[in-house]
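Number of protein chains: 2
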Amino acid sequence: MSDPCIICVAITGSVARKENNPAVPITVSEQIESTHAAFEAGAAIAHCHVRNDDETPTSDPDRFAALKEGLEKHCPGMIVQLSTGGRSGAGKARGGMLPLRPDMASLSVGSNNFPTRVYENPPDLVDWLAEEMRTHDIKPEIEAFDLSHIVQAAKMADDGRLKTPLYVQFVMGVKNAMPADERIFDFYIETLDRFAPDAQWCGAGIGPNQLTVNEWCIAKGGHTRT
Amino acid sequence: MSDPCIICVAITGSVARKENNPAVPITVSEQIESTHAAFEAGAAIAHCHVRNDDETPTSDPDRFAALKEGLEKHCPGMIVQLSTGGRSGAGKARGGMLPLRPDMASLSVGSNNFPTRVYENPPDLVDWLAEEMRTHDIKPEIEAFDLSHIVQAAKMADDGRLKTPLYVQFVMGVKNAMPADERIFDFYIETLDRFAPDAQWCGAGIGPNQLTVNEWCIAKGGHTRT
Ligand SMILES: [Zn+2]
Ligand SMILES: [Zn+2]
Ligand SMILES: [Zn+2]
Ligand SMILES: [Zn+2]
Numbered sequence: 035m036s037d038p039c040i041i042c043v044a045i046t047g048s049v050a051r052k053e054n055n056p057a058v059p060i061t062v063s064e065q066i067e068s069t070h071a072a073f074e075a076g077a078a079i080a081h082c083h084v085r086n087d088d089e090t091p092t093s094d095p096d097r098f099a100a101l102k103e104g105l106e107k108h109c110p111g112m113i114v115q116l117s118t119g120g121r122s123g124a125g126k127a128r129g130g131m132l133p134l135r136p137d138m139a140s141l142s143v144g145s146n147n148f149p150t151r152v153y154e155n156p157p158d159l160v161d162w163l164a165e166e167m168r169t170h171d172i173k174p175e176i177e178a179f180d181l182s183h184i185v186q187a188a189k190m191a192d193d194g195r196l197k198t199p200l201y202v203q204f205v206m207g208v209k210n211a212m213p214a215d216e217r218i219f220d221f222y223i224e225t226l227d228r229f230a231p232d233a234q235w236c237g238a239g240i241g242p243n244q245l246t247v248n249e250w251c252i253a254k255g256g257h258t259r260t
Numbered sequence: 035m036s037d038p039c040i041i042c043v044a045i046t047g048s049v050a051r052k053e054n055n056p057a058v059p060i061t062v063s064e065q066i067e068s069t070h071a072a073f074e075a076g077a078a079i080a081h082c083h084v085r086n087d088d089e090t091p092t093s094d095p096d097r098f099a100a101l102k103e104g105l106e107k108h109c110p111g112m113i114v115q116l117s118t119g120g121r122s123g124a125g126k127a128r129g130g131m132l133p134l135r136p137d138m139a140s141l142s143v144g145s146n147n148f149p150t151r152v153y154e155n156p157p158d159l160v161d162w163l164a165e166e167m168r169t170h171d172i173k174p175e176i177e178a179f180d181l182s183h184i185v186q187a188a189k190m191a192d193d194g195r196l197k198t199p200l201y202v203q204f205v206m207g208v209k210n211a212m213p214a215d216e217r218i219f220d221f222y223i224e225t226l227d228r229f230a231p232d233a234q235w236c237g238a239g240i241g242p243n244q245l246t247v248n249e250w251c252i253a254k255g256g257h258t259r260t
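If you read the sequences in order, they're chains A and Z.
Residue 152 in our numbering sits at position 118 of the first sequence, with consecutive numbering throughout.
Residue 93 in our numbering sits at position 59 of the second sequence, with consecutive numbering throughout.
No more than 30 Å apart at the CA atoms, straight line, and that leaves these computed lysine-lysine pairs for BS3-like:
id, chain 1, residue 1, chain 2, residue 2
1, Z, Lys-209, A, Lys-197
2, Z, Lys-189, A, Lys-254
3, Z, Lys-254, A, Lys-189
4, A, Lys-189, A, Lys-254
5, A, Lys-52, A, Lys-107
6, A, Lys-126, A, Lys-173
7, Z, Lys-126, A, Lys-209
In case anyone wonders, no lab produced these hints; they're calculated from the structure.
Only a predicted model underlies this, so the values are computations on that prediction, with no experimental measurement involved.
Could you put together the complete structure from these sequences and hints?
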């Protein structure tokens, strides 16, 4: 493999709180400094969520704007990726920050189960988010929680709803979705290669699977998220 | 392969109406006579939906009871499988017919996209339907619309939520879910065999994929639905 491995840092997800881990950065200034340290350690992409003052997740465009501005100042050249994930908002509120024109944004193209609920990505919302990303020239990171999401992303690229080359993240280890399984991970790579030969991919293992999936990514020629 | 191929007949789904196809059986008596003909032609399982008088789908236990009674009389020995699918009702109404104790009932264990909406199978509803099937000694047919559903069914068998051996149906060709793809079909078989070695499987191709998937099922040692 000749391409360098891109390390994406997800400083703050939408779930963990200070009471779970005092080190998790919650405020925008905490997130900027934490990302700054990761940037100096070699991370190239910052995958960003934002929080309300009470630590609950939000899609508030103003908070995303403040975070994006701080990252551009402290981490020049770092790729800023904003989350349109469904834990932080519902419906089109999930894409309210896209007019900020970040370099990248996450995009789920299918639905699946999460630990206690359905992760809902209805087809019309997926199409609207994809359209907003085309309009604002944002590169999507496809979040594949299941095999059909990979095939669906390729279909959306074929019919022009997504720009090529695709960048797809394989997410494993979420309860009630896909567990971290190496044979399935390999099949994800094979399937993406078959349906979208010019695509790049990365992997994310949730919770205790993180290091295992990182190792698969590095060994098999993908990028990875920490 | 030494096991006989079981043919499952789905006389009436939840979508097609008389205006789409005048031959589709809608009333309970039409369904009974149509299934009777399929039974005499060799079908062993009847996968059943019921409709309201206006042809809209319903989970009404009384209509299911009338259909089940008629099938038992006209098709002695045929396996009656009632649908708990989400097009016909919402929440626990989907399982309201399970106290009728049919031989089998369909069970989705994950969520996915359908052509225009999310097919919602939240974890607590899945667990409740599975528990009702254990209580009433009903064998589930797992409806796998994506790869993780196969793994999830095996996990539910391992922890006692589903009885073994599993019976899993691979559903392909639904828009915005998994298309009919032979390499993925083969991987479904491989994955089921790895996670639930004693399971049996069948396949269903929706719409124009029906005959293709039937052929894969017969060639690869599974059962099939028409
Ligand atoms: Zn995220
Ligand atoms: Zn700094
Ligand atoms: Zn059905
Ligand atoms: Zn008859």
